[in-house]
Structure formats: C-alpha cells, structure tokens
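Protein sequences appear in the order of chains A and B. Take 1 as the starting number for the first sequence in the numbering used here and just add one per residue. Take 1 as the starting number for the second sequence in the numbering used here and just add one per residue.
These are computed hints drawn from the structure, not numbers from a lab.
Listing some non-contacts, in silico: residues in chain B with all C-beta distances to chain A over 10 Å:
hint: 1; residue: 14
hint: 2; residue: 15
hint: 3; residue: 16
hint: 4; residue: 17
hint: 5; residue: 20
hint: 6; residue: 53
hint: 7; residue: 62
hint: 8; residue: 77
hint: 9; residue: 79
hint: 10; residue: 86
Straight-line Cα separation of at most 25 Å, DSS-like style, residue types lysine-lysine; simulated pairs:
hint: 11; chain 1: B; residue 1: 98; chain 2: A; residue 2: 65
hint: 12; chain 1: B; residue 1: 98; chain 2: B; residue 2: 68
hint: 13; chain 1: B; residue 1: 98; chain 2: A; residue 2: 7
hint: 14; chain 1: B; residue 1: 49; chain 2: B; residue 2: 61
Yeah, the Cβ is synthetic: ideal placement off N, Cα and C, and Gly gets one too.
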Amino acid sequence: SAVISQKPSRDICQRGTSLTIQCQVDSQVTMMFWYRQQPGQSLTLIATANQGSEATYESGFVIDKFPISRPNLTFSTLTVSNMSPEDSSIYLCSVEGFTGGLTYEQYFGPGTRLTVT
Amino acid sequence: AQSVTQPDIHITVSEGASLELRCNYSYGATPYLFWYVQSPGQGLQLLLKYFSGDTLVQGIKGFEAEFKRSQSSFNLRKPSVHWSDAAEYFCAVARDDKIIFGKGTRLHILP
Numbered sequence: 001s002a003v004i005s006q007k008p009s010r011d012i013c014q015r016g017t018s019l020t021i022q023c024q025v026d027s028q029v030t031m032m033f034w035y036r037q038q039p040g041q042s043l044t045l046i047a048t049a050n051q052g053s054e055a056t057y058e059s060g061f062v063i064d065k066f067p068i069s070r071p072n073l074t075f076s077t078l079t080v081s082n083m084s085p086e087d088s089s090i091y092l093c094s095v096e097g098f099t100g101g102l103t104y105e106q107y108f109g110p111g112t113r114l115t116v117t
Numbered sequence: 001a002q003s004v005t006q007p008d009i010h011i012t013v014s015e016g017a018s019l020e021l022r023c024n025y026s027y028g029a030t031p032y033l034f035w036y037v038q039s040p041g042q043g044l045q046l047l048l049k050y051f052s053g054d055t056l057v058q059g060i061k062g063f064e065a066e067f068k069r070s071q072s073s074f075n076l077r078k079p080s081v082h083w084s085d086a087a088e089y090f091c092a093v094a095r096d097d098k099i100i101f102g103k104g105t106r107l108h109i110l111p
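Whole structure, please, built from the sequences with the hints as guidance.
This is the structure we're talking about:
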C-alpha cells in the first residue's frame, strides 16, 4: 500500500467559483482515480487519470466541469469548476498499480469534503 | 451490466455479537469482489478481496467473506464485533479496469 494525501481536507466555497483538489502519493502508481461521494451515498467514479494521457471520464462527467491533471506518477489534481450547491460532496482520489500492472486493488486518500454555499 | 447490491442500508448489532453483511453481484464470469470500510470522517480501507481460488477469504480486522457462485453472493462476516467496527461498509466488483461500488451498509454497534 502507500500513503495518499489530499489537500485541502475540507473547504467551503461560494457558488460560481472553482476549487482544485490535490492528490499526492508517496510511491509511483500507474493509475489514479477520482470519485465523488454525495451525502449519504456511495462512491461514483468521475474519471481515470493515467500519466501521459488525457483523463477518461465516466458518463455524466465532463472535462469542462471536472478538469484533471496528472503531471507525473505520484500526483494528480481535480478541479471542480463553476461550483453549485449540487457539487457539495466528498471527493476522493484512489490509486492502483504499484507494480505497474492491473491489480484492481485500489487504495484511497482521506477525501476532500466540499461544501458549496 | 455488472453491478453489486447491498440489500441492507442499516444493520445494528450488539458488541460481541456476530455479524453478517450481505452482498449480491451480477456478472457473467468469475468476478473480482471486494469489501471496503469507511470509518466516520475517513477514506476507504480495503478489508479483503476475492479474485479466484479458495472461496473463503480472510481479511484484516478479523473479517472474512465467502464467495458463493450459486447464490451470486459475497457476504462479509465477523464472529464478534467491537465498538470500533461501527462504520459504513461497501461491497464492490471490478469491471474492466474500474471498481463499481454498492450503496453501502451502515453498521451500528450497541454497547
């Protein structure tokens, strides 16, 4: 496993603004994922971010709203753009592939709790 | 489509009692199955996983799960729960290179 950190841990933002969430891993990983967990709900995959390629977005999520960067094998950012109260959620990053292969073992960061007012 | 169902939204057990959390999956081939736990204010932690082989899987924190193909189930069990086990538990299945999560079961522990 690895140590995964996210910044910020929580934030309160005004509607119409944008927030960038950072995910840092202490080991190189092949795949990084971004999830959204709305209040009282399960996790929904937003996108998969592999280093050196464009992020792959799930149905219902678009790059203009959730731009993602993956500049290297230990770091990724997710931006929540033009926020509305419906974006209030916990955003989690997860990682997979410490050996470079596909293992399906995902390890999660502590999450970023976002409240939009 | 591949999916996972957790029929119980809330489960309450007394401390020291046994626990079983239900999970059913729908998938044509042998699935990759997982149980995760999310403690209050924390991220998800992998409890255990099933890929193949022995259908009884041992995990961390004294948890185990049994894969039953005939019932399309992967129920999580613990013989004696502790107050610290109060959390949200998610069953999940791998699809392609993604993990699909169930809606979760919140476990409450009575003293």
